[in-house]
Each structure stands twice: as C-alpha cells, then as structure tokens.
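Enquirer: Keeping their order, the protein sequence lines are chains E and G.
The first sequence begins at 30 in the numbering used here and counts up by one.
The second sequence begins at 169 in the numbering used here and counts up by one.
Don't read these hints as lab results, they were simulated from the structure.
All residues carry an ideal CB built from backbone N, CA and C; glycine is no exception.
Check the hints yourself; a few may be wrong.
Calculated cross-link-like contacts (lysine-lysine; reagent style BS3-like; alpha-carbon spacing at most 27 Å) [as the list claims (entries may be wrong)]:
1) E:K32 to G:K251
2) E:K88 to E:K100
3) G:K239 to G:K182
4) E:K84 to E:K100
5) G:K251 to G:K225
6) E:K32 to G:K177
Over the 10 Å line for every Cβ pair with chain E, so calculated as not near, a few chain G residues [said to hold, decoys possible]:
7) H197
8) Q209
9) L211
10) I219
11) F223
12) I228
13) E230
14) S235
15) T254
16) L258
17) R279
18) L283
One side of the interface only, derived from the structure: several residues of chain E facing chain G at Cβ under 8 Å [what the hints assert, rightly or not]:
19) P73
20) P130
21) G135
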Amino acid sequence: SQKIEQNSEALNIQEGKTATLTCNYTNYSPAYLQWYRQDPGRGPVFLLLIRENEKEKRKERLKVTFDTTLKQSLFHITASQPADSATYLCALASSGGSYIPTFGRGTSLIVHP
Amino acid sequence: DGGITQSPKYLFRKEGQNVTLSCEQNLNHDAMYWYRQDPGQGLRLIYYSQIVNDFQKGDIAEGYSVSREKKESFPLTVTSAQKNPTAFYLCASSQGIVFVKNIQYFGAGTRLSVL
Numbered sequence: 030s031q032k033i034e035q036n037s038e039a040l041n042i043q044e045g046k047t048a049t050l051t052c053n054y055t056n057y058s059p060a061y062l063q064w065y066r067q068d069p070g071r072g073p074v075f076l077l078l079i080r081e082n083e084k085e086k087r088k089e090r091l092k093v094t095f096d097t098t099l100k101q102s103l104f105h106i107t108a109s110q111p112a113d114s115a116t117y118l119c120a121l122a123s124s125g126g127s128y129i130p131t132f133g134r135g136t137s138l139i140v141h142p
Numbered sequence: 169d170g171g172i173t174q175s176p177k178y179l180f181r182k183e184g185q186n187v188t189l190s191c192e193q194n195l196n197h198d199a200m201y202w203y204r205q206d207p208g209q210g211l212r213l214i215y216y217s218q219i220v221n222d223f224q225k226g227d228i229a230e231g232y233s234v235s236r237e238k239k240e241s242f243p244l245t246v247t248s249a250q251k252n253p254t255a256f257y258l259c260a261s262s263q264g265i266v267f268v269k270n271i272q273y274f275g276a277g278t279r280l281s282v283l
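Using the sequences and the hints given, assemble the complete structure.
Expert: See the structure below:
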C-alpha cells in the first residue's frame, strides 16, 4: 500500500543551526512533492513544491531535495530561528491519476533560543 | 483580503444531531476540499469538488455530505451516521486539481467536539 512517512518524534535544535526534516515514501510514482508549515490550531501554509524531475529547490532559507531513487525528500531550514518552530508536513501526488496530494503526519520542529 | 474563511471556529454536536461547517473562498479557485485531522495523524481527504455542482468522495466520506452550489462555497455536513466526529476539520482550495495548480490554500479550521 502507499505510505508517506515522516519522523513522529519532534526535532529539537539550537537557534542558528540547520534543521533537516525527512519525508520517505513507498509505492508512489510521484508527480510532485510539496512541503507545508502548520502552526498549532491553524491550517497548513504552502512552502515549496518540487517536481519529480527536479533535484533541488530553494526559497530564501528553505531548501528541498527530492531523490526518487531513494524515495525520499529532505527539507532544510538554514540559520533556524525560534519563529520557525512549527509542524512541517510533506504531501505527495502521484502521476497517472488524480493529482490531489496525500499528506504525511508531519514532524514537529522546535528551535531553542 | 483574499483567502478562505471557515466558521465556526469551535462547534459542539449533540448525539443524533447533524451539524454543518461553513467554508467560503474569495480566491476564485475552481477546486475545493475538506480534510479531517486527528491528533498525530496526517490530513485525510473527506470530499473534494472540481467545479460547481460536482463533488467526489475522498478516502473517508462515510457519515459526511457536501454541496457545491456556488463556486465560492463548499459546506460540509457531519451527519449523525458519523460515529466519531471529534476532530479538526480543514477546508482548502486550489486553482485546479491538475499538477502545479494543486497548491492548496487552507482555512483556519473548525474544531468539532461531541457533547
């Protein structure tokens, strides 16, 4: 069956360090992958989209990589700040069918001052 | 101010009661969605609509119903048949469903609890 896995344990890092979050998937032929940020009690907010034929995407302090051989995406936040503390969700859409993304459970990031 | 408005923010349902969650968007998006989020769970798709007067079941449609009479509105009814309705409900919209038009814009959510 199709599965999207994100680390359920919170990631705790020190301010100024680079945070790296992982999204692994199985039994998908991905068309694209998206990353969203969700704050407690709020709806997710779109951050970045990467297509299956792209290796890397950047936006300001954010970087996403996509390795379809490893079936993995990495999400990096450089020079992290306490304001980056949130839950980060990855979402994957398959080619050959509906392009509605399926969401992972998310990983909580806590940046300590 | 463009965006998606969900109301109410909190809702309580009594046994055997149907309740309706409101979702309105002024982004001129064609597609709209309803998701359910439980603690520690990913978002699960309940229903989606690509155009007015058309909607499709998602992964967990049982016990829910929707309508799409206007482009900007996509209300969700949680019926008495939904035995475990307590959850955080999120409405979203996107330009369309195909490919890169499927960047989802979410409302602030409605938290539904059972009395």
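Enquirer: Against the structure shown, which of the earlier numbered hints fail to hold, in ascending order?
Expert: Failing hints, ascending: 3, 6, 8, 9, 16 and 17.
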